[in-house]
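Peer 1: Model the placement of chains B, C and D on the given structure of chain A, informed by the hints.
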Amino acid sequence: MSGPQFRLSAGGRIDRAAALGFSFNGESFTGYAGDTLASALLAYGAFPLARSFKYHRPRGIYAAGAEEPNALVQLESGARSQPNLRATQIELYSGLNASSVNAWPSVDFDLMRVNDWLSPLFPSGFYYKTFMGAGIGTGRWWKLFEPFIRRAAGFGRAPAGPDPDRYERMNAHCDVLVVGGGPAGLSAALAAANRGSRVILADEQAEPGGDLLAGDRGIDGAPAMDWTATAMETLGAAPDVTVLTRTTVAGLYDDNFATALESVGERFGPDAPAHLPRLRLWRIRARQIVLATGAHERPYAFANNDTPGVMLGNAVRHYAGRYAVVPGRQVLLGTNNDSAYRTALLLAQAGIAVTLADARESPPAALAEAVRSAGIVLETGCAITAVAGDRRIRGAKIAPVRADGEIAGSPRPVDADLVGVSGGWNPALHLASHRGARPVWNEAPACFVPDDLSALGVRVAGAVTGAGALAECLEQGYAAGRDAARAAGRTKRIRKPVLKTDDGAAGAPIRPLWAVAGRRPGDRRGKAFVDLQNDVTAKDVALAARENYRSVEHLKRYTTLGMGTDQGKTANVTGLALMGMETGRSPDAVGTTTFRPPYTPIPFGALAGRDRGALFDPVRETPMFDWHAANGAVFEDVGQWKRPYAYRRAGESLEQAIDREVSAVRNAVGIMDASTLGKIDLKGPDVVTLLNRVYTNDWETLKVGRARYGLMCHEDGMIFDDGVTARLADDHYVMTTTTGNAATVLNWLELWLQTEWPDLRVFATSVTEAWATATVAGPEARKLVSDLDGDIDWSDEAFPHMAIRNGAILGAPARIFRVSFSGEASYEINVPAHYGLALWQALIGGGATPYGTEAMHVLRAEKGFIIVGQETDGTVTPQDVGMGWAVSKRKDFIGKRSYSRPDTARPDRKHLVGLLPLDSGTVLPEGGQIVNDPSQEPPVTMLGHVTSSYRSPSLNGGFALALLKNGRNRTGDTVHVLKLDEGADAARVVDPVFYDRDGGRLRG
Amino acid sequence: MAEPLAPIHPLALSAQERGPDPAAVVLTAGPPLVLLDLRCRDRAALDGFLKKPAGLASPPVARAVSGARGTLFRFGPDWWQLRCADRKLADRLLQADAGGPVGATDVSDAWLAIGVSGPRARDVLAKAATVDLHPDTFPAGSAARTLFGRVTVVIARLEDGEPAAFDVTVSRSNARFLWHWLADAAREYGFTLKPAASDGA
Amino acid sequence: MLLIRCPYCGLRDESEFSCGGEADIARPLEPEKLSDAEWADYVFMRTNTKGRFKEQWVHTHGCGRWFTLVRHTVSHEHGETGVFGGVAPEADG
Amino acid sequence: MQRYSIFSLARNALTGHRNWPQAWRSPAPKPEYDVVIVGGGGHGLATAYYLAAEHGITNVAVLERGWLGGGNTGRNTTIIRSNYLWDESAAIYEKALQLYEGLSRELNFNIMLSQRGVLNLAHNEHDLKEMSRRVRAIRGNGVDSEILTPAEIKKLVPAINISKDVRYPILGASLQRRGGIARHDAVAWGFARAADDRGVDIIQNCEVTGIDRDGGRVTGVQTTLGPVKAGKVGVVVAGHASVLADMAGFRLPIDSHPLQAMVSEPIKPVLDCVVMSNAVHVYVSQSDKGELVIGAGIDSFNSYAQRGSWQIIEGQMGALVELFPVFSRLRLMRSWGGIVDTCPDASPILSKTPVDGLYFNCGWGTGGFKATPGSGWAFAHTIARDEPHPIAAPFSLDRFTTGALIDEHGAAAVAH
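Residue numbers (the working numbering), protein chains in the order written: chain A, 3 to 1006; chain B, 970 to 1170; chain C, -7 to 85; chain D, 20 to 435.
Hints in this document: simulated from the structure, not taken from any laboratory. For glycine and all other residues, C-beta sits at the position ideal for the given N, C-alpha and C.
Selected chain A positions facing chain D (Cβ under 7 angstroms, derived; list incomplete): (1) PRO125; (2) TYR130; (3) GLU148.
Isolated chain A, as found in the complex (with noise of 0.2 angstroms):
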């Protein structure tokens, strides 16, 4: 590159102090503080930074701002690379370093450039229309190609490792969010400001201002630039008010809760402080909204308007007064409306020598005689048809159009390296769409406007209501901040600003234009593009409207047009105008489409915020965490808790831990942490009605001291969840769940105290983490526990099996359950839970081996207790699992009815059953599936499935439970468990309960 050959001697908002050196494709550039890599770039001349999407045409800048189609880049490399960034939204820092995207092996030669000149073939939705494989095999083509394509689709590339940047949420909350910081939106800020409001502006540019920001506005006969500093100052001083400079509202949603990204380390690049987080996603609630978003020009379309040196004519306003930047010497400028005026005349003041074609015959007089007597050539009711040129502008072609934009006279030459188009204005209405607003086509400024949605405390002010006039968008400003901070309770009295603006006389309308020819089948004359960055030409609209995808989402779909990574925001309302246009419709009757939030892409990790890594879920951590994980336990996730899965001693494999930990309950003693058990205390003196409702079975007889074990059902009849309740006093209960329905069992409960009950005098309380739980179990239990000081008899007689006690053990108040899940003597130690852990290390220091979930299993497992969610699946009844003698006759309750439909009351569904392999080596698979002949061919008759499986130290073999159907009445039957590939293993039904069949261990 030759240098910055492009950048004015003087003027902008840059800081030409501030040299920064920069780096794309490998070259190296200097810009300014206050330059974006796009303005910095320009500095250097329009050349093709970019390569488009479909066709791999050369491509340029073609914005300034957030509505860029082409000049996508990727930012860095390795794991703080960031594709497709728009090279207009990046603020230069030293030593930035990006480099192209799409283009092979380089974007001055790509070699999918062969896709433009075989566009022929590949017009709008080709790939629907072959590779269907005719003839050749089950789309076999597809196979084929699908991966060219897909090699060829995309932009950028995903980063190369793990991102190290931080991202950080804030909440906020105020009365009046005002979004964008242009004169409309600081109008309506200072407004809502000295009124006493909580104001939150958000602004997505380095420094407010907005359009002022070009420096060619005055208001009150000094440069704008000065009121809006002053506007500045006065809300910095406001005390409630936060100004969120490089803040995008991204997304408004029901209740205006609104979104936005603000860039906070980003700025700095890789080099920026590490306890700064890249990005700050706010989550906004406010009670009002001002939409003060502006709008983005629209061009209209030309053959070749894709060439590298077209851009929006207000976007070269803005690179010349913002950042005193014109990439040409010889800018043609064509407009159907007054903007591109103020443009010509800021060039001609920079000496750059400006053609203006204005498609209207005339143009209002005093916008003509101002660019005449500045040295610009006027030319009038003529539009650009044409560029010529490839990677840049070497000239340009006007001509007279018709009004559907078909030429009307010969086209004529113009010298012109740099050709700014302005086509009209679209108002940003995203952010009113993502409210509901909807698009109102408005003839006079030929745009949609948002219909009213101050109902809902939305109002909207500027330029995106389709005012031009700087006057009009500092008084709608003013008018809807004072609003929405009346309407958020702040009625404040202020004297209205008056303000003088330099807006001149009254304009001239617009004349709508779309598209200069390029529509028409067989028009030589060049592409004209109407989507740049899907590459959606004219020609592609008449398609879509010739094969009747007329709605605008057919065309969309059909056509990719506003599809892009810019949402189509220069693209969408030509795109619509043009299919009326070919189908006899105004824009509006095509339809308009719904903007779909975020308003500017927001990276994964932004939305993800601090919910990564050891932050990604919550831990739940019981009393004795730390010493599971001292002692060599390997945890398993249940819900959010870490649970011991076993403990591994070194040289032991995981089956050998869960062997011995299961010898030495059978055998000695274990002790398991079961502080994770959902506990409920229940009082009130109609717990056992509640109880007789929601559990399956009776609990009038439960005396004082006792426990029982229950089940509880949906309305469907299906088991989700069984524990056991036990009395504490005449109106006092506890009540125990399973792990992972401790609170959904509490939220049952209260669901029903509260909407159908209320007259039931019940209180519950979720008392789960109070307590620390240890499940001594063993031959040697009573023995361990009895050892401990305390006030408590153990004696089976004192303390019988289902029995509860209550009482010191060292020192430390405990509650005791004598339950068993393990077929043994057990006793479920629970004491505050500060002392869970020193609990635990007296029972270990008194030789109880600790054992897990695991082991807990095959415990169970062997004595034919279920587990809620293992043994059942929603689709499992009481009866299914054989455990109707805890179904009640008597009574009704939750799920009863249920029983006696057909469905439910057929004997032969699938129930409980254990199975024996044949050969006791074998270890059937869990989930394996059961059937009764195991050379069909698939589709088997699948007759239920294996739920657990292990193998057992005590039975010295392999052993299961079942779901089989019909299978209480298949006892002894030989039945066969599919594997994974081939073959089976061959099994015996036998009854589920393979150890100590009448109970006499767990009773002492």
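Peer 2: Showing chains B, C and D alone in chain A's frame:
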């Protein structure tokens, strides 16, 4: 075995100072609590139940009142939590509830308190709390049971003063997670960690 | 994200609540007297109104109370709330 | 119908593409049809197509309230799979997958079926057990399914994080290699074009406002374009089934919920199969255009608004970045919502109704797209013969009375 069991505080972790301004956010692990959940359908009955032993009367929902014998939080129309100054008060109330209109349940070890103070305390909490902690809407005496990211907590502002200091009650099993979360969230401002003493007191 | 007015706690973020679906589905007093179809109607059939819809929510992470809320299932606008069991909000609450 | 092929493309290229015919007509409704299908989404268009193609019934109208394919057909994450637990589900979803495999050719419209495989991740012991059961049941039904170790997962999906040192490590996965994705719009358009070619009238912008009955039998529908008489009416209006049922005087066991989906900006290929995770709640694939297509769970409240709540998006993005740390800097480009009609057992309804000649096909929840051709095929049979096809019979409305539910909640714990 006769050695009495010793209580252990899960936030007996290491002290730390970090970041641009270690005073910006100070996290303090609160001592073990003596805590009762109180359920009652009649506020007057609850007031009667507490008046003599605790010297406290019910605040409105989402508020807390403090006195010499404890702090009374109101979570809902029929749900209070009393942080007792001592064990004696809790035992007395637990004995008094039998058969009466108030259900009292000891939940002492189920919860822990973490103090969040310093000039950026509100900002750190606002990273996950969706309740508005602005002094106009969250004055001293506010106590909101709310969702903090994925953890249920009670955020309270028990004392007046600027900058506002907050008291966050969290379930015991989540206490360490929240502690680490808050420290991580405070990193951009700087923080000081004041954990519990390792003897569990 | 909705901002829901809990009758007891005031305006709180939707994330604090759980939605329990259609309100006013009363449990039959004598289920055994219902036909299978009537029972199915109670257990499974729902009105699923498009428009103003009375549903029940619980302030799971707040006061723990269930209440009813009338919400429009297209606009999501919501307002009128109701309480269960006569647990009235207090004037100063 | 002008056949599409590489040759027709070349021929039309020579004439500037000026001669392409309409993909389908836009006729005005006739006063009467043998069958009226309410709903011009994928399922409705497929029903009309199979009525014509398989049952010779061509005097058929498809009435669409908006633009065809504009409901959930155009809003889903395009995942296709048939790895369902229960025999009944396997039968209908596998039928759908088999039809999908020949659909581009049958319809002469490339639906871009990409059988790149669907991975379901397991993150804990419970997941592993469930996976084992599911894979074995699926294989028993003759459907392809296999179990992968973390190392095998990593080989298939290099971008995934299989580290043990994360909150919810990946312990394994099941893989259905024949699963994948397809171009959703193309499915609707392909069926529409082929149905239109067989004489079916597809009428867009025609909303049904009433269902006419006479003595317990359906006689036609009222629409915004006037009354249309019909011998039989099939209702296939995902997201509005309860509204139409209300017009016919009965209720359904359905709640309508928002389900959100989103896409990233297009990037070069980085993910070659569909990855789903129940435990951390997200699923993702990469479209041919390069966008990551992402979805997750439904909002808990009822809604007809086609938009959901923000926190759902945050939640699933956290999950996605946890599974794929290299995705953190990719950007969310667009999010949207659909309305899913969910049944208590997470299985659909394909059924006769209390009104003679009126049939409902609804309740597909989050799983409708993958079923499209199978659903249309079985529903066409049900309408044509006035009795459910055997693969549709288990999904009749009376299962809620008998209790013979087909509970696929395991499969739908994550919406897909």
